[in-house]
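Participant: The residues making up each chain are set out below.
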Amino acid sequence: MSAELHRALPEPNHARRFTAIWLVATIIATPLVILLLGPILPPGNGSGQASGHVTDNTVLLAMATPVLLLVVIYLLYAVIVFRQPKGGVLEGPAVRGDARIQTAWIVITSLLVLSLAAYGTIRLLADNGAGSGSGPKPLTVPKGPKLQVQVIAQQWAFTYRYPGYGGVETTHLVLPDNQMVELHVTSLDVIHSFWAYQLGVKADANPGVDNVVFVKPTKAQTFEVRCAELCGIWHGYMFDHGHVVPPGDFETWIRQQEANFAPATKVLPPYSTTYSPEPTRRAE
Amino acid sequence: MSQSGRKVLGVGAAVALLGVLIGLYVAEWATSLPTPVAAVSAPASSGGTQLTLETVAAAGPKYSRSHPDWVSYLVRKDGKWLRSTIYTVPANSIVDVTIYQYDGDSGLRNPFLSQVQGTVGGTETVDGKRVNAINPEEASHTFVVPQLGVFVPLPGVAEEAKSQCEFAPCEGAAHRTISFSFKTGKKGRYRWQCFVPCAAGFIDGFGGPMQTMGYMDGFIDVV
Chain S
732 MSAELHRALP EPNHARRFTA IWLVATIIAT PLVILLLGPI LPPGNGSGQA
782 SGHVTDNTVL LAMATPVLLL VVIYLLYAVI VFRQPKGGVL EGPAVRGDAR
832 IQTAWIVITS LLVLSLAAYG TIRLLADNGA GSGSGPKPLT VPKGPKLQVQ
882 VIAQQWAFTY RYPGYGGVET THLVLPDNQM VELHVTSLDV IHSFWAYQLG
932 VKADANPGVD NVVFVKPTKA QTFEVRCAEL CGIWHGYMFD HGHVVPPGDF
982 ETWIRQQEAN FAPATKVLPP YSTTYSPEPT RRAE
Chain G
98 MSQSGRKVLG VGAAVALLGV LIGLYVAEWA TSLPTPVAAV SAPASSGGTQ
148 LTLETVAAAG PKYSRSHPDW VSYLVRKDGK WLRSTIYTVP ANSIVDVTIY
198 QYDGDSGLRN PFLSQVQGTV GGTETVDGKR VNAINPEEAS HTFVVPQLGV
248 FVPLPGVAEE AKSQCEFAPC EGAAHRTISF SFKTGKKGRY RWQCFVPCAA
298 GFIDGFGGPM QTMGYMDGFI DVV
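So the protein sequences, as listed, match chains S and G.
Quick note: the first sequence uses my numbering, first residue 732, plus one each step.
Quick note: the second sequence uses my numbering, first residue 98, plus one each step.
What the hints contain is simulated information worked out from the structure, not anything from laboratory work.
Keep in mind that this is a model prediction, so the values were computed, not measured.
Glycine included, each C-beta is placed from N, C-alpha and C at the ideal position.
Hints are not guaranteed to be accurate.
Simulated coverage check for chain G against chain S, where a stretch passes if three residues somewhere in it have a Cβ under 8 angstroms from a Cβ of chain S [claimed, not checked]:
| id | region |
| --- | --- |
| 1 | 99 to 106 |
| 2 | 285 to 292 |
| 3 | 296 to 310 |
Using the sequences plus the hints, can you model the full thing?
Facilitator: See the structure below:
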């Protein structure tokens, strides 16, 4: 097409055409994203909190889809429709600003960000921290009975203490199914981070800090425990598998632990939300 | 080529050479591991293999020219002591371990680790006496393979003991003799470590030999 012919053709209403294309793509793609991608988003449904994360990730993805389509379709539209005609060198008209576009841009992006902030705040409060570390005094606490378990990080292993069972300490984490658990995460040395992936739990383990997390496992399962904070030479090896078992099996297991670790339990300090062990005698 | 072009080429070549040298240094540092030492066959009656180790308060110049004052494990191979922390043992077998402990006590930060776990019978033998736990205040080091569930606390030499060893070699000096057996599982590489922050001269005892392969950390290669 020559430059002259290009100029002669009537200019379509690009804004209306682009908006129509974008709207159709959004109406088709967003439900597909929610229905097809939503169910397979991490971290799965190992706990009420993990299921909440899947919902949140789906909401984020659904809100991001129109934005992504806007950018991609605009790019493609510009490349195809505003392509430089062969043989012609055309200068586009100078753009001096458009108050309507600028206003719409600011209003829409502000609404998106503020609505996400409100959504996130409500979700955190409604789900008692949503599986994240809420510090020593969580803003919201779930009602009803809770199993207290202390997560003790040290270079380079997690150990677990059950204050409701004589303060016994164990090398593995076992939790009962369908019971609210109150995890108290702390560290004996440097900063670690307790990450129980399939349960949707992640909480920093800081020395001298009691970081409380609430989680309610929803099914018997094996889950991964990892340290999520670079903490030294064996950080990468600081992992284990935890287990969620039926309540009866948990009772049997914890009684066995009480018997097995009776010698160690005798010399443990009284249960406390934090510990400040003395530096070993040779350290400076 | 113009003078400025030659300059650019020269600087570019120098930067590239420097980058390669830095990369080689980092690669060498990151991959330089101690020489693996294989456990030797134990007496036929035990049916397992024997691993003989010692812990010393300082490796000494004979075993570590770069860090002679670092606390360390040593391993015996062919009657000689070597500083290596990679041990090769057979899969699905019993490994008999003897540790000559020449270091003083430090105390455990987590007293839970004062109980023996994962050994045959859930015990260790300290100077001929079978125990299932030690006083956490008397711990000098631990030999722990978390993935195999093996936790063995090692009591230290008493402060008042005569002929204390300052640095390796320590033969003839005051020591504790600890022995235990553990069962290996499937093939794989398992890390082991000391859980007592025993690095003298570092903040809370956590640095240096606690964070460096070849001293208080290593691998058990199950083959």
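Participant: Each hint needs a verdict: does it hold in this structure or not?
Facilitator: Each hint tested on the structure:
1. 99 to 106: violated (count 0)
2. 285 to 292: holds (count 3)
3. 296 to 310: holds (count 12)
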